[in-house]
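Engineer: Given next are the chains, with one letter for each unit.
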Amino acid sequence: MNAAAGHGASVRIENCGKTFADGTHALEPASLDIARGETLVLLGPSGCGKTTMLRIIAGLELPDAGGKVLFDGKDMTSVPIERRNVGMVFQSYALFPNMSVVENIGYGLKIRGVPRQERAARVAELVALTNITGLENRRIDQLSGGQRQRVALARAVAIRPGILLLDEPLTALDAALRERLRGELNRLLRTLGITAIYVTHDQAEAMELGDRVVVMCKGAIAQIGSPREIYFTPRTRFVAEFVGAANIIEGPLDKGYLVLPGGRQPIGGDATQPTAVAMIRPETIAIVDAAGASLSGMIDSVSFIGDRQRMVVSGASDKPITVDAPNTVEAEPGERVGLLIAPDSVRLLPQEN
Amino acid sequence: MRDRLIFTGQLVFTLLVAAFLVVPAALSIMAGVTVNYFRGIQSGVTLQWVAQVWELYADTILLSFLIAFATLGVTLAAGVPAAFALHVQGGRLSRVVEEIITLPLAIPGLAIALALLSTYGGFSDFRRSWLFILVGHVVFTMPFMVRSVMAVFSTLDIRTLDEGAASLGASPWRRFRDVIVPNAVPGILAGSLMVVTLSLGEFNLTWMLHTPLTKTLPIGLADSYASMRLEVASAYTLIFFVMIIPLLVAMQIFADKERAR
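So the sequences go chain by chain: Z and R. In terms of our numbering, the first sequence is residues 1 to 353. In terms of our numbering, the second sequence is residues 354 to 614.
Just so you know, not all the hints are guaranteed correct.
Said to hold, decoys possible - Beta-carbon label-pair distances, calculated as ranges:
1. Z/Arg-36 with R/Ser-524: 26 to 32 Å
2. R/Asp-510 with Z/Ile-224: 30 to 36 Å
3. Z/Glu-184 with R/Leu-551: 52 to 58 Å
4. R/Gly-444 with Z/Glu-136: 36 to 42 Å
5. R/Gln-442 with Z/Ala-245: 40 to 46 Å
6. R/Asp-510 with Z/Arg-36: 32 to 38 Å
7. R/Gln-363 with Z/Asp-202: 53 to 59 Å
8. Z/Glu-136 with R/Ile-606: 29 to 35 Å
To be clear, the hints were calculated from the coordinates, so they are not data collected in a lab. Using N, Cα and C, we set each Cβ at its ideal position, and we do this for glycine too.
All chains, full assembly: derive it from the sequences and hints.
Structural biologist: Set out below in structure tokens:
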């Protein structure tokens with residue numbers, strides 16, 4: 001395993017945009033630095049340009065004129081994928097149906113002219129690492145989805161790539177398996193210490209796997225930051241709503257208070273503009289006694305989820321506010337409650353139209 | 354009782370239809386080994402007609418196989434990469450090219466032959482060689498190869514497989530050899546079967562393009578029916594049959610084995 005460690009390359013993308021032949025702008029010119037050994041997640045809804053960005057880094061797509069891709073400072077823009085030494089895991093896995101599991105994993109090594117014996121040893125190492133022992137001589141169509149995913153990962157890692165590129169590798173799996181493999185994948189990436197770029201539309205995956213997350217929207221980068229930064233201090237309404245659940249409330253500002261139909265909510269900082277748009281995460285809101293609360297509303301519904309309960313409170317703001325309350329709070333629909341929100345849990349967002 | 358009646362009815366009908374098709378073939382084959390067909394089988398059984406046909410037409414038969422396999426070679430070498438390129442490229446241009454390749458199916462063989470003759474007829478060395486017929490056969494059989502290979506590609510997401518191989522460091526040629534072709538084998542086999550059969554049996558085009566020295570099996574057959582006694586022509590049919598059936602069966606077995614693998 002330590003043989004596999006420490007072969008990551010750094011990646012730099014300069015002004016890479018992509019316009020397809022039919023005129024669609026898949027990606028606005030974007031720049032990005034990825035450190036050696038870092039796991040960077042490209043997160044966004046479908047059509048946001050994340051896969052295009054990955055394919056440009058991979059060398060499967062050429063950026064528009066002026067764009068540049070550098071690995072360890074070396075310009076790779078016009079180098080085709082087969083000479084970039086990248087490992088790639090495709091959403092459909094792209095395993096070769098005409099080869100067995102071990103032949104798939106060993107294919108990249110065979111191309112590199114690695115002697116048979118050394119190849120077998122390396123493949124065995126990866127079979128053990130990805131927990132597919134016993135499947136070595138299976139054909140691809142005899143594998144389950146999860147097993148295919150593991151083979152695809154082993155095959156991509158076998159060549160000791162400088163950069164590992166993963167294009168929605170877990171999307172084709174069912175929810176329970178996805179969650180388990182996410183944990184395994186995380187451990188593997190940490191063990192290998194490889195530079196990894198991971199594309200997903202699933203924010204839970206992005207949070208768990210990413211050292212940094214790049215949130216993308218309509219072909220542009222909306223925000224880059226650690227999972228915590230992205231979650232707690234989203235820069236735009238899109239980021240706030242795409243990553244986790246968010247209440248977006250709007251109202252006039254009055255001396256450090258947001259004035260709402262259900263009362264006044266103190267906000268941190270010293271904003272002076274006349275009106276504000278703010279984001280409040282559901283779990284930062286506490287249900288308190290309505291009497292004496294500065295902000296109150298009426299409970300519309302309560303859904304008991306187990307570890308918590310999700311309540312919808314109307315009347316406090318223009319739109320109903322979602323609250324994630326501890327499972328011990330007792331409240332019934334129709335009841336009047338106070339909402340206690342710490343000023344620093346209120347995140348002001350830029351005005352958009 | 355009623356089920357039994359229906360079953361018997363169906364069986365009789367099936368046997369009648371089969372007999373309708375098989376009896377002429379059997380009669381024709383029989384004619385080929387009868388001493389005198391008009392006097393019937395009691396005139397005796399002989400292989401003299403078969404021997405005579407072989408003597409007269411052995412080179413025609415061999416040329417037919419040469420052309421069939423040369424056609425196969427050309428359609429493989431050009432058709433498989435073309436199918437891959439058309440599939441990966443996609444878009445309107447590919448659609449147009451595909452239609453053009455398919456056109457010879459709709460255009461009468463005579464028209465294709467005329468076009469070839471009026472364009473290349475002046476190159477007399479070329480005109481006189483069997484390569485001239487080969488060109489016609491390639492034009493005629495290419496759509497079968499390209500289409501059957503493309504059909505396999507469309508069920509396989511071959512483009513992603515190609516990208517997968519590329520990401521592992523394989524050059525375009527290695528990818529084609531290691532991933533594209535092996536995964537296209539079912540389509541290649543189906544296409545090959547069609548190409549060889551069609552080439553061996555092609556008459557329209559070949560009839561226009563042939564010279565006395567470049568005749569294929571069907572042309573020889575027509576020739577013998579037109580100019581020789583019925584027994585000779587029938588013996589010819591027999592040879593045709595004996596040569597082509599084992600070939601087809603062998604290719605079919607090979608294709609089945611490949612599919613089961």
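Engineer: Okay, R/Gln-363 versus Z/Asp-202 on CB: inside 53 to 59 Å?
Structural biologist: The hint (53 to 59 Å, Cβ to Cβ) holds, given that R/Gln-363 and Z/Asp-202 are roughly 58 Å apart.
Engineer: Between R/Asp-510 and Z/Ile-224, does the beta-carbon spacing fit 30 to 36 Å?
Structural biologist: holds (32 Å)
Engineer: Note whether the CB distance of Z/Glu-184 and R/Leu-551 lies within 52 to 58 Å or breaks it.
Structural biologist: For R/Leu-551 against Z/Glu-184, whose Cβ atoms are near 53 Å apart, the range 52 to 58 Å holds.
Engineer: Indicate whether the distance between the beta carbons of R/Gly-444 and Z/Glu-136 respects the range 36 to 42 Å.
Structural biologist: holds (41 Å)
Engineer: Does the Cβ distance between Z/Arg-36 and R/Ser-524 fall inside 26 to 32 Å?
Structural biologist: The hint (26 to 32 Å, Cβ to Cβ) holds, given that Z/Arg-36 and R/Ser-524 are roughly 28 Å apart.
Engineer: Can you tell me whether the CB distance of Z/Glu-136 to R/Ile-606 sits inside 29 to 35 Å?
Structural biologist: holds (31 Å)
Engineer: CB of R/Asp-510 to CB of Z/Arg-36, is that within 32 to 38 Å?
Structural biologist: About 33 Å separates the Cβ atoms of R/Asp-510 and Z/Arg-36, which means 32 to 38 Å holds.
Engineer: So does R/Gln-442 sit 40 to 46 Å from Z/Ala-245, Cβ to Cβ?
Structural biologist: Because 44 Å falls inside the window, the suggested range holds.
Hint compliance for this structure: every hint is met.
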